[in-house]
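Novice: Below, each chain spelled out in residue letters.
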Amino acid sequence: MEQNCKIVGTKMYVYLMGEVDHHYVKEIKKEIDGKLGFYIIKELILDFTNVQFMDSAGIGLIMHGYQYMKNVLGSITCVGMSQRIKKSLAAAGVFTYISEEKQEKYQEEV
Amino acid sequence: MMEMMCVEFESKSENEAFARVVAAAFIARLNPTLDEVEDVKMAISEAVTNAIVHGYENDPSKKIFMRCSIENQTCQFRIMDQGVGIADIERAKEPLYSTKKDEERAGMGFTFMDTLMDDLQIYSQLGEGTTIIMTKTFSRG
Ligand SMILES: Nc1ncnc2c1ncn2[C@@H]1O[C@H](COP(=O)(O)OP(=O)(O)O)[C@@H](O)[C@H]1O
Ligand SMILES: [Mg+2]
Chain B
0 MEQNCKIVGT KMYVYLMGEV DHHYVKEIKK EIDGKLGFYI IKELILDFTN VQFMDSAGIG
60 LIMHGYQYMK NVLGSITCVG MSQRIKKSLA AAGVFTYISE EKQEKYQEEV
Chain R
0 MMEMMCVEFE SKSENEAFAR VVAAAFIARL NPTLDEVEDV KMAISEAVTN AIVHGYENDP
60 SKKIFMRCSI ENQTCQFRIM DQGVGIADIE RAKEPLYSTK KDEERAGMGF TFMDTLMDDL
120 QIYSQLGEGT TIIMTKTFSR G
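Taken in sequence, the protein lines are chains B and R. Residue 26 in numbering that gives the first Met the number 0 is what sits at position 27 of the first sequence, and the numbering runs on without skipping anything. Residue 139 in numbering that gives the first Met the number 0 is what sits at position 140 of the second sequence, and the numbering runs on without skipping anything.
Since the hints were made in silico from the structure, they are not lab data. Fair warning: this is a prediction, and the values are worked out from it, not measured in the lab. Mixed in with the good hints, there may be bad ones.
To be verified - Computed list of lysine-lysine pairs in DSS-like fashion (alpha-carbon distance at most 25 Å, straight line): (1) B/K28 with B/K85; (2) R/K100 with B/K86; (3) B/K85 with R/K92; (4) R/K99 with B/K29; (5) B/K69 with B/K25; (6) B/K10 with B/K28; (7) B/K85 with B/K10; (8) R/K135 with B/K25; (9) R/K62 with B/K85; (10) R/K61 with B/K86; (11) B/K29 with B/K5; (12) R/K135 with B/K28; (13) R/K99 with B/K69; (14) B/K29 with R/K11; (15) R/K100 with R/K135; (16) R/K99 with R/K61; (17) B/K86 with R/K11; (18) R/K61 with B/K85; (19) B/K5 with B/K85; (20) B/K69 with B/K29; (21) B/K69 with R/K62; (22) B/K28 with B/K5; (23) R/K92 with B/K25; (24) B/K25 with R/K100; (25) B/K69 with B/K34; (26) B/K25 with B/K104; (27) R/K62 with R/K11; (28) B/K86 with R/K62.
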């Protein structure tokens, strides 16, 4: 699998691509968990800009990241979400515990 | 006149995308809106994933059946597995409820199937399997 994660200091950017279903999440979770276990990460940024499809497996991935970051007293942010993705995250109550940020804030670092 | 198609495929996660594409291609004749296509893809994805991870507990030797039929502007989608079955269907339908929370399952599958489709019916018997029947009427012909 190609590199989907980029580390800048204590931030880790994860670039999600294509169709985020259970099949995709199984694979990218291994990559994310490998990096989180190796580096000191305080801020996890999930980038949805290139996501064409997402089902509840994507929500599971966000919950997984949230749990991990909470345990290390870090934070998680989601950027680049389509209206459709935002709607499904809202239905699952995800925005009550993660922040949804404007992409511009991160653009210069990418 | 009714039109119908039926596919049988292995219980492998690769087939989640396969099932979505097949269902989307079948409903193309109904001239669906982009949003309607996305609704169908997501609901099918949830039902097929459930058959794989819950029904068959990731055993790739098992088979999943998908049947879609169209009558006028209404499509009925059936996803069938012969897996473990659901102990408490009412409970399973609750938002955020999952028997596999440790694997970070969102517990939102049935909630999405219910909200994205016009009707959702769940038939399940412990040790026998599960059949999901979803129907959706498409807005334009
Ligand atoms: N095909 C199936 N066979 C057996 N159990 C199922 C099936 N589909 C759903 N379930 C049960 O219903 C629960 C809720 O399903 P769902 O809303 O999709 O959430 P999730 O898949 O995230 O657990 C599952 O945790 C599982 O216990
Ligand atoms: Mg599910």
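Novice: Give a verdict on every hint.
Specialist: Evaluation of the provided hints:
no. : hint               : in the structure
1   : B/K28 with B/K85   : holds, 21 Å
2   : R/K100 with B/K86  : holds, 22 Å
3   : B/K85 with R/K92   : holds, 22 Å
4   : R/K99 with B/K29   : holds, 18 Å
5   : B/K69 with B/K25   : holds, 21 Å
6   : B/K10 with B/K28   : holds, 17 Å
7   : B/K85 with B/K10   : holds, 23 Å
8   : R/K135 with B/K25  : violated, 30 Å
9   : R/K62 with B/K85   : violated, 33 Å
10  : R/K61 with B/K86   : violated, 34 Å
11  : B/K29 with B/K5    : holds, 15 Å
12  : R/K135 with B/K28  : violated, 33 Å
13  : R/K99 with B/K69   : holds, 20 Å
14  : B/K29 with R/K11   : holds, 18 Å
15  : R/K100 with R/K135 : violated, 30 Å
16  : R/K99 with R/K61   : holds, 20 Å
17  : B/K86 with R/K11   : violated, 28 Å
18  : R/K61 with B/K85   : violated, 35 Å
19  : B/K5 with B/K85    : holds, 24 Å
20  : B/K69 with B/K29   : holds, 19 Å
21  : B/K69 with R/K62   : violated, 39 Å
22  : B/K28 with B/K5    : holds, 14 Å
23  : R/K92 with B/K25   : holds, 24 Å
24  : B/K25 with R/K100  : holds, 15 Å
25  : B/K69 with B/K34   : holds, 16 Å
26  : B/K25 with B/K104  : violated, 29 Å
27  : R/K62 with R/K11   : holds, 9 Å
28  : B/K86 with R/K62   : violated, 33 Å
Of the hints listed earlier, those the structure fails to meet are numbers 8, 9, 10, 12, 15, 17, 18, 21, 26, 28, in rising order.
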